[in-house]
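Engineer: If you want the building blocks of each chain, they are given just below.
There are 2 protein chains.
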Amino acid sequence: MRKIFSIILLAGLPATCMAQDSLIMRKISDEIMLHGKCYDDLRVLCKEVGHRLSGSPQAAKAVEWGLEAMQEAGADRAWLQPVNVPHWIRGKEQLKIEFEGSSDKVEIPILSLGNSQGTDGKLLAAGIVMANNFEELEKMPDEAVKDKVVFFNYRFRQDLLHTFHGYVDAGPYRWRGPSVASAKGASAVIIRSVSTGIDDFPHTGSMHYADDVAKIPAVAIGNSSADMLEQKCKTGNVTAYLTSECRMLKDSVRSYNVIGEIEGSVYPNKVVLVGGHLDSWDAGDGAHDDGAGCVQSIEVIRAFKKLGIKPRYTVRAVLFMNEENGLRGGYAYDDSATARGEEHIFAIESDAGGFSPRGFSLAMEDDKARQIRYYRELFKPYGLYDFEQKGGGADISPLHRHGVPAAGLRPDPQRYFDLHHTANDVFEQVNHRELKLGAVAMTQLIYLISNYGLK
Amino acid sequence: MRKIFSIILLAGLPATCMAQDSLIMRKISDEIMLHGKCYDDLRVLCKEVGHRLSGSPQAAKAVEWGLEAMQEAGADRAWLQPVNVPHWIRGKEQLKIEFEGSSDKVEIPILSLGNSQGTDGKLLAAGIVMANNFEELEKMPDEAVKDKVVFFNYRFRQDLLHTFHGYVDAGPYRWRGPSVASAKGASAVIIRSVSTGIDDFPHTGSMHYADDVAKIPAVAIGNSSADMLEQKCKTGNVTAYLTSECRMLKDSVRSYNVIGEIEGSVYPNKVVLVGGHLDSWDAGDGAHDDGAGCVQSIEVIRAFKKLGIKPRYTVRAVLFMNEENGLRGGYAYDDSATARGEEHIFAIESDAGGFSPRGFSLAMEDDKARQIRYYRELFKPYGLYDFEQKGGGADISPLHRHGVPAAGLRPDPQRYFDLHHTANDVFEQVNHRELKLGAVAMTQLIYLISNYGLK
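Chains as they are written, first to last, in my numbering: chain A, -3 to 451; chain B, -3 to 451.
Okay, chain A solo, but in the shape it has when bound:
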């Protein structure tokens, strides 16, 4: 009994408050489901701004859009926070494949991996060596790999029910595959996309060159092309003809995080943060990744103001710049918070797609996690039940490393890695109700924490 009582105290929720909170949570839901602006905001961001890689003109346009959207949502204050971001450009790129016994070359859709070095626009022609995983490559003699194009044919594990587990499993082939192949003397790398898709969209995404290897070109191909290439590699010699212009420019670009806030009535200097990232890859619309998280975060501000909810702690929405290929926005925000001595009591990020929300992942001390799990019953009517996963979000990870309790919105993960980092991550793939339900859940949690704190 004492334990139950202490949990209730901990959660700051006597029974009368629970009933009151449940009513306010319903008002939040009604407001967003009936009058929410996040879906319309997303249309504008996707279709009028478009994709917005860090350093690009569209990223600059997105910053302007974000500031205006934050002001229109009714933020007490909205401002831009300077961030220097890397400037990677794609340019033209083409991969053709020639099979033994055929004089025709077949063009395969590709996306160079983010931050990779291309062929300087020159033709790179070399035989392909297929490796199904790192171990297979390691076992090959160096001379069999030297000057060849390594094809990492590692498949996304469709048997893993949480696709983010599959992403963690296959992701290393994108992130460090190029360095592993380069260390063996390869001249370039082709990877089977880190993708659950049963189509031919290539998926880009960040890669990283180890300090001691040559920066060889690295491209992703879609699953259908990878299936075809796998068959061809099993039955004969295959030659790759790759031309690409991508490169990291020397100079960084001045960009911005976009911030809006509602001042806390009791603790104006203590911040509850909600955010997503404003930059995207340069394919598709960056709709699920992470236009969704941005417009949901703006919706939190809008719903608070529209409903006249006055938070006791300051509620701050942040659209981070450069999550995809540098995380400079997350670091700049954290540096600024440290420099200003700002206290963040909680930070949550939505960066897993605009799908039906199923719960929140938590990265914090047990006592605090227990408080949030205690709210679980309040979220059940909204279809959220899973409060057991770990983790927050990339942009808030620098804050978290400095001790800020972090969380992530966890939507249904089944469709995300069909679309992630592809030309198919477009506005039309986002469902209006699913997107809004995510905004509802975030607003409700921010309401609870900005009212009760996190003890």
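Think of the hints as simulated: they come from the structure by calculation, not from any bench.
If several chains are the same, the list does not tell them apart, and a pair holds so long as it fits within one copy or across any two.
Calculated pairs, DSS-like style, for lysine-lysine (alpha carbon to alpha carbon, straight line, at most 30 Å):
| hint | residue 1 | residue 2 |
| --- | --- | --- |
| 1 | Lys386 | Lys376 |
| 2 | Lys376 | Lys364 |
| 3 | Lys33 | Lys228 |
| 4 | Lys302 | Lys23 |
| 5 | Lys302 | Lys230 |
| 6 | Lys230 | Lys33 |
Because the structure is a prediction, the values reported are computed rather than measured.
Chain A is already provided as a structure; the job is to place chain B on it using the hints.
Structural biologist: Using the frame of chain A, we list chain B on its own:
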């Protein structure tokens, strides 16, 4: 303690069995996620057979397809069960609208409501009277409605988080709206579609004429057109010009339920049923409604056979005919079961779309429901958590009325009523992983019940 023990006995699940079951459930999941055929089956049903309204040539083709698919899945026996179905045909249909002060007529996309009578191909021209709900129409004097076209402008409640609750709320405008308007002397009815969509797809679906009213034409329009028509009706006189050929033909058509089964090793005469409905509306592909339920039911048979699972009770998959506009398949199946003295210990239907499964609805005595809820922990790794909803499915409702415990697969409901009964319910709207996860959940539950029974 005794209670807990009795629940465990009730569920037939000592702890060792739980561990064993958990392993078999994982094998089922791996098999379907890696090698499942339901998505490929759905492609064939949608793209080679197409939509398949009862009585249509495509419905006949779907029956052939279903029998073959059931045999290929490895059913011990597969057969066709005769059903006489109504034969409603759509023919051509067109609605144009003329606004006061404009000489141009605007054409609006429509779908006549299923089972409704058209204009016999003749032009029906009449002024439109808008009513936001039944109460508004009732309050109007009869002479204001007589010979007019009633526009029921009732909106789907987007604030209801379970869209099936919204469907129950708005559905009566489709089902009995035409009779209500006819009783007031209207010459035709236009309804705002029963739709969560923010687009202009009209949604068809069954309607029913009361015995004592004239059978007036009834059509649905999409939400965008309804928004426009609402504005026009508020500001001036609007005239409808409707031509339609739809009608119910006098003669019923011989069709079939498609059935496949695996004989139970201990109780061959006791049946555990899993099913969906094979017919669809004559728009789109009938992909979510209910191609999904059909291919998932076939997948249950396939996975059992592939994994060598020998059920103690007979497992039977049924593709019911004529759920959409008659339910004759459900009645015929029930009649046959009664005539043959077959005992059904459990029946489950998948007819809520091929989306990520979230749980099972239950329609049965408390003791039996408790047994299934006891399995909840086993389903958590697969994302199913909601075992609290009531209900089974339409096709198995005749069985349920005779005492058979019934259940329904409950997928995420957010996108269903954007697509339901429209030209947009196509194969491309179904995600391969979400569809397969539904098949996994059904196979797992059928495994548990065909092994332990339902006590």
